[in-house]
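Novice: One-letter residues, chain by chain:
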Amino acid sequence: MGMTMTQKILARAAGLSQVQAGQLMEGKLDLVLGNDITTPVAIKEFEKAGLSTVFDKEKIAIVLDHSTPCKDIKSAQLCAICRDFAHKHQITHFYDVGQMGIEHALIPEKGLAAPGEVIIGADSHTCTYGALGAFSTGVGSTDMAAGMATGLAWFKVPQAIRVKLTGQLSPYVSGKDVVLHLIGLIGVDGALYQSLEFCGDGVSALEMDDRFTICNMAIEAGAKNGIFPVDEKTIAYLNGRVERAWTAFEADGDAVYARTVEIDLSTLRPTVALPHLPSNTKPVDEVAGKPIQQVVIGSCTNGRLIDLREAAAILRGKKVADGVRCIVIPATQQIYLQAMEEGLIADFIQAGAAVSTPTCGPCLGGHMGVLSDNEWAIATTNRNFVGRMGPTSSMIILASPAVAAASAITGVVTDPATI
Amino acid sequence: MKIYKYGDNVDTDVIIPARYLNAPDEKSLASHCMEDIDADFASSVQPGDIVVGGSNFGCGSSREHAPLSIKACGVKCVIAKSFARIFYRNAINIGFPIMECPEAVDGISPGDQVTVDFATGVIENQTTGATFQAAPFPAFVNGIIENGGLLHSLKARGIAK
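As you go down the protein sequences, you meet chains G and S in turn. Residues in the first sequence are numbered consecutively from 440, following the numbering used here. Residues in the second sequence are numbered consecutively from 4, following the numbering used here.
Read the hints as simulated data drawn from the structure, not as lab findings. Each residue gets a CB set at the ideal place from its N, CA and C atoms; glycine is no exception. Hints are not guaranteed to be accurate.
[As the list claims (entries may be wrong)] To list a few chain S residues with every Cβ distance to chain G over 10 Å, as calculated: (1) Met-4; (2) Tyr-9; (3) Pro-20; (4) Thr-123; (5) Thr-134; (6) Ala-138; (7) Pro-141; (8) Ile-148.
[Claimed, not checked] What follows is a list of derived Cβ distance ranges for each label pair: (9) S:Pro-141 <-> G:Gly-489: 38 to 48 Å; (10) G:Thr-706 <-> S:Lys-164: 19 to 29 Å; (11) G:Ala-752 <-> S:Lys-164: 36 to 46 Å; (12) S:Asn-150 <-> G:Ile-520: 22 to 32 Å; (13) S:Lys-164 <-> G:Asp-693: 36 to 46 Å.
Isolated chain G (complex conformation) (with noise of 0.2 Å):
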């Protein structure tokens, strides 16, 4: 019987010639992935079991971003765990405040993620490196912790979901409509326990950032991983990050898939998701007017250079509407650099728009950004779940970079082609 992209990497990974949906499984992981929030919990439980090595030093990621520069005493003492952690295992990819990006962004940055690699990370937007054509998918710090010592992984094999990509997207229509539009579609527990497989000749026209935030959202419709075939675009990006040997793997024709979802992305308008759910979506236009106070532009969702092109290129010139608040945060530091040489960081300052260090700060309500009651956000990050960016009445509109830009100026949410 055929296999599936995801069901192929899966068999690989487990020393089998073939494995098939349902079946439980063990598999080498090519990476481990921690932040710190989650890296402490899988510490305590590491040292509890009395273990003792770490499978491979160069294998695990150790990247201090949810709650970092630190912003209180309790998340210095969690960043302290982790950094001690790192220091006496030697941890060879452990990222502090001045190397860190957002993880989901770092990782492919840094190279340590490719084609036909299986990664688990303790953080549920680890989803985001099948953009690249790995296996990539969030666990918890249990697993972490099991990863770190052992290398290996359990998972149910997985089906999957085709999704189709036709035509090519409009101007202001990006990578997050896609996501944000295939989540309404099928619903956030349309894939649960499932992956999502992305082809058609949509995909060629895809940029890799677009494809990143697409992956980075599988997650919100339930899925286990998102995944995209390797073709020129990926190959592009991996030259000069990834050196070591990686393998692409197609679909075979004869894999079985759960249905096949088809989107013609020519005909995507730009989308947001209102509160609390991200498949409560709806075309700009039909929300537009809502009056909101703040906007983030940034998270592993959408804190990448082409989204900070796009925000800028809208906010130039312009300014930030009296009583909003914008804050962009470019997701790593070599982003942040080039937005700078770019002249976006620019762009964002002289339109009154604040601009932080990476990190996750608002978008789970850390800081930099929380709000009070009754706020309304417009943000490009991926949760709008009660509470999420700060008191239970406070409520979230999911965008793309376009729209929160646009719906800055203006103070209320905006079609970008009306700026």
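Please build the complex by placing chain S on the supplied structure of chain G, with the hints as guidance.
Specialist: Same frame as chain G, now just chain S:
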């Protein structure tokens, strides 16, 4: 025992809000459990109580703090129509029982007396007399739970040292 029943898509941000993720121990996590969906939960829940949820229970973040906080409240198990996959594996990995059974969710109301048998997967609503059969765990998963969690099972198998 008491039933705490919630709807679909109970996410990890309401199970344990991010502002408490830097809590130093499981007991302090437990004191904020379910705070953003049910402010009275943490102060009223007693050991042996059962949480019942709809579909996609535990969706969102990978934070293991979510099942840890429910477990630390003394909750006996969570019964749901379906679980978000990371919550599902986190619960298994920390040895916290969860049961997937849509019929039981529909057949249990707050105030009912319910017993569960993890070995057989049988859920009995003693108030109504109805019994339900949850999907049993595969042997591999049972091995993890019986060993008290993933790390202990890997040690028992001699894989983790």
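Novice: Take the hints in turn and mark each one as holding or not.
Specialist: We went through each hint and held it up to the structure:
no. : hint                                : in the structure
1   : Met-4                               : holds, 27 Å
2   : Tyr-9                               : holds, 12 Å
3   : Pro-20                              : violated, 6 Å
4   : Thr-123                             : holds, 21 Å
5   : Thr-134                             : holds, 26 Å
6   : Ala-138                             : holds, 12 Å
7   : Pro-141                             : violated, 6 Å
8   : Ile-148                             : holds, 12 Å
9   : S:Pro-141 <-> G:Gly-489: 38 to 48 Å : violated, 27 Å
10  : G:Thr-706 <-> S:Lys-164: 19 to 29 Å : violated, 55 Å
11  : G:Ala-752 <-> S:Lys-164: 36 to 46 Å : violated, 54 Å
12  : S:Asn-150 <-> G:Ile-520: 22 to 32 Å : holds, 26 Å
13  : S:Lys-164 <-> G:Asp-693: 36 to 46 Å : holds, 42 Å
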